[in-house]
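Trainee: Chain by chain, the residues run as shown.
Protein chains: 2
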Amino acid sequence: MRLVGCFLSLLTVFGPAECGNVLVWYTEGSHWINLKIVLETLIDRGHNVTVLVPDAALFMKAKESDRFSFQHFSVSTSAQDMQDFLDALLHFSVYEMDQLNLLQIQMKFYKLASKHQDMSISHCDDPIYACSDIVAEELNVPLVFTFRFSLAHTAERMCGQIPAPPSFVPGAMSKLTDKMSFTERIINMLFYLSQDAFCIIAWKPFDNYYTEYFGRPTSYCEMMGKADIWLIRTYWDFEFPRPFLPNFKYVGGLHCSPAKPLPKDMEEFVQSSGDDGIVVFSLGSMIDKMPKETSNMIASALAQIPQKVLWRYGGEKPDTLGANTRIYKWIPQNDLLGHPKTRAFITHGGTNGIYEAIYHGVPMVGIPLFGDQPDNLAHMKAKGAAVVMDNIKTTQPQDLVDGLNAVINDPSYKENAMRLSRIHHDRPMKPLDEAVFWIEFVMRNKGAKHLRVEAHNLTWYQYHCLDVFAFLLTVLIVVLYVFFKMCKFFIMRCCFSSKSKTKKE
Amino acid sequence: MRLVGCFLSLLTVFGPAECGNVLVWYTEGSHWINLKIVLETLIDRGHNVTVLVPDAALFMKAKESDRFSFQHFSVSTSAQDMQDFLDALLHFSVYEMDQLNLLQIQMKFYKLASKHQDMSISHCDDPIYACSDIVAEELNVPLVFTFRFSLAHTAERMCGQIPAPPSFVPGAMSKLTDKMSFTERIINMLFYLSQDAFCIIAWKPFDNYYTEYFGRPTSYCEMMGKADIWLIRTYWDFEFPRPFLPNFKYVGGLHCSPAKPLPKDMEEFVQSSGDDGIVVFSLGSMIDKMPKETSNMIASALAQIPQKVLWRYGGEKPDTLGANTRIYKWIPQNDLLGHPKTRAFITHGGTNGIYEAIYHGVPMVGIPLFGDQPDNLAHMKAKGAAVVMDNIKTTQPQDLVDGLNAVINDPSYKENAMRLSRIHHDRPMKPLDEAVFWIEFVMRNKGAKHLRVEAHNLTWYQYHCLDVFAFLLTVLIVVLYVFFKMCKFFIMRCCFSSKSKTKKE
Numbered sequence: 001m002r003l004v005g006c007f008l009s010l011l012t013v014f015g016p017a018e019c020g021n022v023l024v025w026y027t028e029g030s031h032w033i034n035l036k037i038v039l040e041t042l043i044d045r046g047h048n049v050t051v052l053v054p055d056a057a058l059f060m061k062a063k064e065s066d067r068f069s070f071q072h073f074s075v076s077t078s079a080q081d082m083q084d085f086l087d088a089l090l091h092f093s094v095y096e097m098d099q100l101n102l103l104q105i106q107m108k109f110y111k112l113a114s115k116h117q118d119m120s121i122s123h124c125d126d127p128i129y130a131c132s133d134i135v136a137e138e139l140n141v142p143l144v145f146t147f148r149f150s151l152a153h154t155a156e157r158m159c160g161q162i163p164a165p166p167s168f169v170p171g172a173m174s175k176l177t178d179k180m181s182f183t184e185r186i187i188n189m190l191f192y193l194s195q196d197a198f199c200i201i202a203w204k205p206f207d208n209y210y211t212e213y214f215g216r217p218t219s220y221c222e223m224m225g226k227a228d229i230w231l232i233r234t235y236w237d238f239e240f241p242r243p244f245l246p247n248f249k250y251v252g253g254l255h256c257s258p259a260k261p262l263p264k265d266m267e268e269f270v271q272s273s274g275d276d277g278i279v280v281f282s283l284g285s286m287i288d289k290m291p292k293e294t295s296n297m298i299a300s301a302l303a304q305i306p307q308k309v310l311w312r313y314g315g316e317k318p319d320t321l322g323a324n325t326r327i328y329k330w331i332p333q334n335d336l337l338g339h340p341k342t343r344a345f346i347t348h349g350g351t352n353g354i355y356e357a358i359y360h361g362v363p364m365v366g367i368p369l370f371g372d373q374p375d376n377l378a379h380m381k382a383k384g385a386a387v388v389m390d391n392i393k394t395t396q397p398q399d400l401v402d403g404l405n406a407v408i409n410d411p412s413y414k415e416n417a418m419r420l421s422r423i424h425h426d427r428p429m430k431p432l433d434e435a436v437f438w439i440e441f442v443m444r445n446k447g448a449k450h451l452r453v454e455a456h457n458l459t460w461y462q463y464h465c466l467d468v469f470a471f472l473l474t475v476l477i478v479v480l481y482v483f484f485k486m487c488k489f490f491i492m493r494c495c496f497s498s499k500s501k502t503k504k505e
Numbered sequence: 001m002r003l004v005g006c007f008l009s010l011l012t013v014f015g016p017a018e019c020g021n022v023l024v025w026y027t028e029g030s031h032w033i034n035l036k037i038v039l040e041t042l043i044d045r046g047h048n049v050t051v052l053v054p055d056a057a058l059f060m061k062a063k064e065s066d067r068f069s070f071q072h073f074s075v076s077t078s079a080q081d082m083q084d085f086l087d088a089l090l091h092f093s094v095y096e097m098d099q100l101n102l103l104q105i106q107m108k109f110y111k112l113a114s115k116h117q118d119m120s121i122s123h124c125d126d127p128i129y130a131c132s133d134i135v136a137e138e139l140n141v142p143l144v145f146t147f148r149f150s151l152a153h154t155a156e157r158m159c160g161q162i163p164a165p166p167s168f169v170p171g172a173m174s175k176l177t178d179k180m181s182f183t184e185r186i187i188n189m190l191f192y193l194s195q196d197a198f199c200i201i202a203w204k205p206f207d208n209y210y211t212e213y214f215g216r217p218t219s220y221c222e223m224m225g226k227a228d229i230w231l232i233r234t235y236w237d238f239e240f241p242r243p244f245l246p247n248f249k250y251v252g253g254l255h256c257s258p259a260k261p262l263p264k265d266m267e268e269f270v271q272s273s274g275d276d277g278i279v280v281f282s283l284g285s286m287i288d289k290m291p292k293e294t295s296n297m298i299a300s301a302l303a304q305i306p307q308k309v310l311w312r313y314g315g316e317k318p319d320t321l322g323a324n325t326r327i328y329k330w331i332p333q334n335d336l337l338g339h340p341k342t343r344a345f346i347t348h349g350g351t352n353g354i355y356e357a358i359y360h361g362v363p364m365v366g367i368p369l370f371g372d373q374p375d376n377l378a379h380m381k382a383k384g385a386a387v388v389m390d391n392i393k394t395t396q397p398q399d400l401v402d403g404l405n406a407v408i409n410d411p412s413y414k415e416n417a418m419r420l421s422r423i424h425h426d427r428p429m430k431p432l433d434e435a436v437f438w439i440e441f442v443m444r445n446k447g448a449k450h451l452r453v454e455a456h457n458l459t460w461y462q463y464h465c466l467d468v469f470a471f472l473l474t475v476l477i478v479v480l481y482v483f484f485k486m487c488k489f490f491i492m493r494c495c496f497s498s499k500s501k502t503k504k505e
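Line by line, the protein sequences give chains A and B.
Read left to right, the first sequence gives residues 1 to 505 (full-length UniProt numbering).
Read left to right, the second sequence gives residues 1 to 505 (full-length UniProt numbering).
Just to be clear, a hint being listed does not mean it is correct.
Below, a list of computed lysine to aspartate or glutamate pairs in the DMTMM-like style, where the Cα atoms sit at most 25 Å apart [claimed, not checked]:
hint	chain 1	residue 1	chain 2	residue 2
1	B	K175	A	E454
2	A	K179	B	E239
3	A	K226	B	E239
4	A	K226	A	D433
5	A	K111	A	D372
6	B	K179	A	D402
7	A	K175	B	D467
8	B	K446	A	D410
9	B	K449	A	E415
To be clear, the hints were calculated from the coordinates, so they are not data collected in a lab.
Being a predicted model, the structure only gives us computed values, none of them experimental.
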């Protein structure tokens with residue numbers, strides 16, 4: 001799924017292995033952070049890595065320090081188009097969305113998604129650099145997906161054939177948990193149904209593109225379903241337990257690593273916090289500035305807590321900034337979260353940041369902004385490791401202070417964060433090693449067909465056995481009909497013979 | 001499930017770990033072979049292992065060489081009762097079953113199962129040594145199951161909550177594959193439904209026993225569902241890919257190991273086979289003798305092939321035994337299968353033997369006898385690694401010769417066996433290590449609740465969202481009803497006003 005919020009990046013891998021060649025389809029934003037670590041490990045293990053990047057890419061710029069080769073290709077959209085689109089999406093998500101009703105949000109989202117889709121299709125238009133699954137098909141090489149989720153798990157369900165009973169598997173982005181009331185289960189069901197309908201409409205242009213390209217009826221979903229391995233960037237520390245398939249591998253937190261020492265002046269500031277410790281605060285790489293009243297609200301709240309605060313912020317210094325708070329243009333977030341003085345993490349709820357907090361066992365205060373962030377934080381809240389604000393615009397200083405006091409002073413939050421950390425670390429294999437293992441597996445074995453369920457070759461009514469039920473029901477009805485007819489016949493005969501007998505008498 | 005053919009053995013594990021105490025519920029037959037290896041590894045890692053054995057146990061006899069302590073407990077059934085039951089079951093399965101119709105088989109099987117159940121319940125009757133899940137509940141310790149399957153996956157589906165769409169997940173023992181025709185899907189559906197009904201009836205005595213024991217309504221299934229980890233003794237080399245759950249771990253083949261050198265005289269016999277190589281032949285530990293005509297049929301077939309044959313057989317020497325065939329009371333099966341001269345394996349299709357063949361990449365000729373063997377061999381046939389005889393009684397010498405010639409001379413069988421072997425070996429962790437990891441995990445973490453799906457807390461109609469559908473359907477009907485009523489009202493009004501207008505005019 002290449003719709004915004006669906007967070008898919010693609011890896012096309014080809015053998016023969018020992019030292020293989022890995023072809024990588026472009027990705028944007030924080031997904032690149034994750035992918036890069038996997039690719040660097042592959043290079044360390046002797047593979048060649050080539051990344052296909054459209055000219056319009058914003059994040060995947062070639063840097064001299066990078067050890068893999070970037071292969072650029074021209075597309076009809078420009079980087080400016082891409083940036084404009086991203087700005088429009090961010091503005092809509094953070095500042096407009098809560099003033100609209102559900103239908104308006106859906107309409108606006110569809111409009112934005114259509115725009116993104118046009119840009120995505122333009123990336124397929126070059127005769128050499130087509131879409132990643134087309135590349136895999138054309139080169140006859142195995143295909144590996146790596147992503148966090150698709151909206152309401154539509155791609156995983158419809159194309160990957162993963163089972164997801166709406167009664168206990170909340171749709172991604174629904175903010176629901178696995179424990180749902182009757183009303184919540186109705187909401188989840190409607191969410192699934194509406195997103196399925198949305199995707200069927202939204203994927204139509206891709207279906208047409210693919211059909212035209214291959215010269216035979218080919219759907220977007222069918223091509224996605226050919227992937228050998230789906231590397232999902234969560235695990236059961238973050239995700240609610242749910243059914244899955246042998247070719248779905250949960251490698252969440254693969255970018256996490258032990259904390260490194262802090263820069264000297266930062267370490268001094270952290271140490272100056274004494275027993276109270278520190279609070280780490282970042283709203284992620286995409287939100288660098290905020291309206292003055294918002295930053296003042298936040299700064300005034302932070303000024304009220306006894307902890308020292310390290311705040312990653314690119315905007316103007318707020319008037320209400322307390323003596324305990326320092327603003328940094330950039331912070332070594334993972335190293336700070338792994339510092340023994342860290343008591344809490346104020347986060348927008350991006351998956352990468354949440355995973356660093358889970359890795360180091362730090363409780364969170366969430367200020368969700370857009371995309372999957374409210375949903376991510378709903379997971380952390382349900383697992384007892386976070387307090388979550390409703391909205392950055394409606395949050396009052398006291399809410400933030402109360403939230404911070406709760407996660408710092410109520411031991412249950414720290415205990416739950418540590419429990420998630422234990423779950424994260426106590427697994428048979430590190431997530432990065434597992435991701436690399438399965439990429440190398442498809443290189444060694446030319447795919448992983450033995451992990452692909454037969455469900456891919458069934459129609460929806462076959463999958464749900466509707467044809468079988470229809471047949472059994474028909475048989476049952478015919479049997480009952482014949483039975484009743486025969487009963488009637490014998491009863492009639494019985495009555496008739498007794499009547500004729502009476503007559504004769 | 002403690003019904004014969006369901007192959008369940010139970011492990012009750014309790015912490016605190018580093019060096020923990022492991023309490024093991026008894027098991028019989030070839031299951032003990034698997035379990036023992038896991039237990040020995042646990043002892044090697046510093047844990048204490050105590051095995052609870054009823055006096056009536058046939059296989060789990062204390063031996064001096066064993067490093068774990070057996071704790072015996074008295075039951076009202078004797079070892080002789082147990083042996084009689086087993087003999088009756090074997091006789092029924094191998095020699096009676098094919099002369100009966102399906103209903104007769106089901107009735108007879110139900111009678112045998114009831115007898116086994118009575119014996120099982122008698123094991124629970126002692127006030128100290130109750131059933132394994134009761135022990136876990138009473139001691140408040142984590143519970144680990146390890147087994148191969150339950151009939152039609154009933155226990156895994158109904159109690160473990162594993163999803164199993166009948167459209168592509170063949171019921172265990174059905175002899176079906178994941179690729180089913182319309183007719184086969186009907187058969188699979190009926191198999192699921194009949195076994196569900198069978199289990200609901202057959203589990204009633206356990207439900208009653210559990211309810212009485214706990215003094216509150218408690219079902220057998222509910223108690224099984226409390227297991228932290230289900231160690232399933234298959235993997236995707238043997239099993240068809242299917243949906244599963246985070247607390248289901250597939251550890252098939254954990255008993256396999258590299259081949260050790262053969263005894264000197266055996267090695268000389270094997271080497272004497274030259275380029276033709278050898279065939280290894282065993283019908284497992286439970287069938288030691290067979291009728292003279294059967295052994296003569298087999299021996300005359302084996303005499304016709306150019307390979308040397310090593311046959312594990314405890315009965316009288318057949319008259320037709322060829323010069324190329326040697327009979328042994330016992331063979332080092334794993335070492336023989338791993339020998340470079342081995343060309344084929346004639347097997348009854350027990351899981352342990354099949355896994356040894358997969359481990360070493362040896363194609364098979366199957367002569368299924370009873371229990372899960374026909375189903376196991378159907379898997380190997382579907383994966384192209386075996387030729388399977390219908391039945392030991394109807395097999396003609398030429399069938400066996402043809403089967404052996406096919407798997408030895410048609411390279412596809414060897415290729416497929418080697419492919420399964422690659423799948424078996426090329427996994428992130430060895431199955432024995434994985435089994436031990438998860439047992440130690442529940443000891444370290446006092447369970448694995450984070451892997452247990454919420455489905456356990458839903459009713460069947462909630463799980464399938466039937467209440468949600470009923471509600472949505474009601475809303476739809478009401479809305480449509482009101483809509484049509486309003487339409488009718490306005491149309492009537494419209495007509496009426498136009499009529500009255502006409503009248504006035």
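Trainee: To test your reading of the hints: which numbers does this structure violate?
Mentor: 2, 6
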